[in-house]
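Undergrad: Take a look at the letters that make up each chain.
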Amino acid sequence: MDINAVTTIAKQELTINIRNKWTLIFAGVFSVLVLAISYFGMITAGAIGFQGFTRTSASLLNLVLYIVPLVALVMGTLSFTSEKGASEMLFAQPVTRGEIWLGKLLGLFGSMLTATLIGFGLGGFVIAMKAGTAGALRYPLFVGFSLLLALVFLSLSALIAALCQRKNRAFGVVMFLWFFFVLFYDLLVIGGTFLFKERTANHFIFASLFGNPVDMTRVGSLIVLNGKEIFGVAGAALMKFFGGEVTSISLLVLGMTVWIVAPFLLSQRLLKRQDI
Amino acid sequence: MIQVNHLTKKFGEFTAVNDVSFEIKAGETFALLGPNGSGKTTALKCLVGLMPPTAGEIKVDGADVWKDARRAKSLMSYLPQYVNFHDNLTAREVMQFYCKLRKLPAARIDDVMKGSHFNFNGFTDKPVSQFSGGMLQRLGLAVASLPDAPILLLDEPTASLDPERAIQFREFLANLKQAGKTIVFTSHVLADVEQLADRVAILVGGKLVALESITALRQNLMLGSQMRVELLNPGASLIAAAQNAGANQITAQESALLITSAPEARMEILAAIETAGGKVVRFATEEPSLEDIYLQYIKQESTI
Numbered sequence: 009m010d011i012n013a014v015t016t017i018a019k020q021e022l023t024i025n026i027r028n029k030w031t032l033i034f035a036g037v038f039s040v041l042v043l044a045i046s047y048f049g050m051i052t053a054g055a056i057g058f059q060g061f062t063r064t065s066a067s068l069l070n071l072v073l074y075i076v077p078l079v080a081l082v083m084g085t086l087s088f089t090s091e092k093g094a095s096e097m098l099f100a101q102p103v104t105r106g107e108i109w110l111g112k113l114l115g116l117f118g119s120m121l122t123a124t125l126i127g128f129g130l131g132g133f134v135i136a137m138k139a140g141t142a143g144a145l146r147y148p149l150f151v152g153f154s155l156l157l158a159l160v161f162l163s164l165s166a167l168i169a170a171l172c173q174r175k176n177r178a179f180g181v182v183m184f185l186w187f188f189f190v191l192f193y194d195l196l197v198i199g200g201t202f203l204f205k206e207r208t209a210n211h212f213i214f215a216s217l218f219g220n221p222v223d224m225t226r227v228g229s230l231i232v233l234n235g236k237e238i239f240g241v242a243g244a245a246l247m248k249f250f251g252g253e254v255t256s257i258s259l260l261v262l263g264m265t266v267w268i269v270a271p272f273l274l275s276q277r278l279l280k281r282q283d284i
Numbered sequence: 005m006i007q008v009n010h011l012t013k014k015f016g017e018f019t020a021v022n023d024v025s026f027e028i029k030a031g032e033t034f035a036l037l038g039p040n041g042s043g044k045t046t047a048l049k050c051l052v053g054l055m056p057p058t059a060g061e062i063k064v065d066g067a068d069v070w071k072d073a074r075r076a077k078s079l080m081s082y083l084p085q086y087v088n089f090h091d092n093l094t095a096r097e098v099m100q101f102y103c104k105l106r107k108l109p110a111a112r113i114d115d116v117m118k119g120s121h122f123n124f125n126g127f128t129d130k131p132v133s134q135f136s137g138g139m140l141q142r143l144g145l146a147v148a149s150l151p152d153a154p155i156l157l158l159d160e161p162t163a164s165l166d167p168e169r170a171i172q173f174r175e176f177l178a179n180l181k182q183a184g185k186t187i188v189f190t191s192h193v194l195a196d197v198e199q200l201a202d203r204v205a206i207l208v209g210g211k212l213v214a215l216e217s218i219t220a221l222r223q224n225l226m227l228g229s230q231m232r233v234e235l236l237n238p239g240a241s242l243i244a245a246a247q248n249a250g251a252n253q254i255t256a257q258e259s260a261l262l263i264t265s266a267p268e269a270r271m272e273i274l275a276a277i278e279t280a281g282g283k284v285v286r287f288a289t290e291e292p293s294l295e296d297i298y299l300q301y302i303k304q305e306s307t308i
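Protein chains in written order, with our numbering: chain A, 9 to 284; chain B, 5 to 308.
For the record, the hints were derived by calculation from the structure and aren't laboratory data. The model shown is predicted, which means the values in this text are computed figures rather than measured ones. Mixed in with the good hints there might be a few duds.
Said to hold, decoys possible - Derived lysine-lysine pairs resembling DSS-like cross-links, with alpha carbons at most 25 angstroms apart: (1) A:LYS19 with B:LYS130; (2) A:LYS19 with B:LYS104; (3) B:LYS118 with B:LYS71; (4) B:LYS71 with A:LYS19.
Stated by the list, open to error - Calculated from the model, a selection of chain A residues having no Cβ within reach of chain B, i.e. all distances over 10 angstroms: (5) GLN20; (6) ARG27; (7) SER39; (8) ASN70; (9) PHE99; (10) ARG146; (11) PHE184; (12) LEU191; (13) PHE202; (14) GLY243; (15) GLN282; (16) ILE284.
No residue lacks a Cβ here, since even glycine has one placed at the ideal position from N, Cα and C.
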């Protein structure tokens, strides 16, 4: 593995994404969302004003679960299926296809990391100033889960690009995949529970978490955001099933890691003997 | 320097390159000539490691392009037919990127930019999005020149250049040739091939139909060139006079003679016709087109 090649490609990818405004737009969107949700989060209860970190993160979570996968898939697909002339020039260099792919993935993750840190950082700073620092230690863990989610979907975009090769076909698959993980998967799991008895159905639901990185992020984030209060009985049952809070988080992080590594390795395997 | 052994490349059922073998010597300028869809770009992409061959092997200085890709590719520099770079990078940033990728010193960029061919007229620090097609092609060539690799592979290098730039480009390649570089290029432009190549591989329908030195190709071209002589008084005696003066083939057409000969024999043939009493009204020469050459080779192939 030529580390020089990987870092050079990663830096170039990061520069491109910062220049084409994706990173800044993403950072801006997150800043606005964090602040808006924190400020208007209690409006249904008849109050406005900045809420603390835990409440803001919990409200923010659902939006993160929609936006992060979509942005990661779009950015990843745009990069991994880059223009023919540019690809030919790059792949003709004395670097392996694996190094090119890894460099792109790291560069894309770098731009999402920058955007997330700026977005959540700015929002977090304002919340800390206005509503205090209670729950502030759990907030970075929630951001960490968001970043893992971004990496999963960047890895999936590499796989889609390797499978589809053409940009327009890849975007079709991207849209399907996004809908599948964000919307359809849970419906399928709920439907699946009707096939089992109550106890088996519970186990089926818990196990099905690992089939969807979006659900893993949701559950992982809720656990780190003081799950016992937010989660209620179902959460307690889940943690009992997995063996406690630390074990649950560890298993979820492990599951996410598999979702990052497996699609990426598969994409490299496909790319290895592909025509450029 | 480059050995291509029984190279075959298929796309599904379609065979783009069919059992092609040739060898390119160090310092040689080698052209892959063929009509559109003949498989020359596919063959070049296999050579540079962009496409895995379906069968056969390619070795560059003994290194297999697939099994020892890093070493093989480090000996080569490639310019694709359609050059493209990220719109929001400047020409200098593009070159810096490829410099770092090849672990070259940053000073190499200035060395390359000194060449008159890479004068970007103050556009060096402008985004690539502001570049014309010709400028992009030149930037591509500048990038390909960075590593000073012993082998340069170019896919239709003059296709998107205006005539003036095409002439400059040929001069640039001629300099590289003099410097001892091995140059491999695809083209369907006869002028490129005639001026630059030492040897020519002609591909038709994915098959190698001829592997000629440029001298032999020229000979074939000469044999195919025709002269049309319009006469006031055509007759058998004039045909005989033309034949004696070196005509290879003569076809009589009402008041004209279609004479196939070597170009240097033409004036002698005309003089012989006039000496034999022929009254020449006008004459015109017709050079064979690339299509004629391909047809000639296809004909030869089908008769084997």
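Undergrad: Compare the structure with each hint and give your call.
TA: Hint-by-hint comparison with the structure:
no.	hint	verdict
1	A:LYS19 with B:LYS130	holds, 20 angstroms
2	A:LYS19 with B:LYS104	holds, 11 angstroms
3	B:LYS118 with B:LYS71	violated, 37 angstroms
4	B:LYS71 with A:LYS19	violated, 28 angstroms
5	GLN20	violated, 5 angstroms
6	ARG27	violated, 4 angstroms
7	SER39	holds, 23 angstroms
8	ASN70	holds, 33 angstroms
9	PHE99	violated, 6 angstroms
10	ARG146	holds, 38 angstroms
11	PHE184	holds, 25 angstroms
12	LEU191	holds, 34 angstroms
13	PHE202	holds, 44 angstroms
14	GLY243	holds, 46 angstroms
15	GLN282	violated, 8 angstroms
16	ILE284	violated, 4 angstroms
Comparing the model with each earlier hint shows violations of hints 3, 4, 5, 6, 9, 15, 16; every other hint is respected.
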